[in-house]
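If you read the sequence shown in my numbering, its first letter stands for residue 1, the second for the next number, and so on.
This list has only true hints and no planted wrong ones.
Below, simulated DSS-like cross-link-like pairs (lysine-lysine); rule was C-alpha separation at most 27 angstroms, straight line:
hint, residue 1, residue 2
1, Lys21, Lys156
2, Lys92, Lys105
3, Lys105, Lys156
Don't read these hints as lab results, they were simulated from the structure.
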Amino acid sequence: MQALARFITKIIDFFYLPFRKFIPEQLFRYAACGGGNMVLDWVLYFLIYNYGVGHDLQYFTLCGLELCMTPHILTLCIVFPITLLTGFWLNKYVTFTQSSLHGWKQFGRYILIVAVNLLVNYFGLKLCVELLGWYPTPSKMFITCITVAISFIGQKYFSFR
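Full structure from sequences and hints, please.
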């Protein structure tokens with residue numbers, strides 16, 4: 001995994017050269033990693049929503065309870081753990097490599113920041129899709145733009161300080 005992190009870092013740093021006078025290296029790496037993870041999030045969300053979950057309410061039983069979920073929220077629940085892990089890995093091994101915090105402590109703090117973003121995603125999707133009538137995928141993209149700012153500040157000054 002370290003070799004993959006070094007490979008990704010070399011690619012990002014190659015594209016960083018023309019921007020080095022304007023953007024700090026760490027911010028550029030964060031933007032590249034976050035952008036890649038965001039694209040993964042959007043693609044997975046689109047594919048799972050349109051070709052996996054479908055557009056109808058989803059009914060299922062969990063621990064003996066009958067549950068009903070809207071397809072856009074169920075899709076969020078499926079995609080979220082995947083991008084949580086890829087985002088942490090990229091932040092730890094590519095962006096914030098100088099952090100002296102122990103890995104599990106970083107992960108715990110990372111999860112706290114991501115939990116805030118999950119709440120923003122959940123309520124944002126509820127607002128955009130159910131109240132404003134927007135389509136789910138563009139709604140998810142709009143909300144992601146908001147969570148990027150929350151994430152960078154939280155990761156830089158809390159999770160990986």
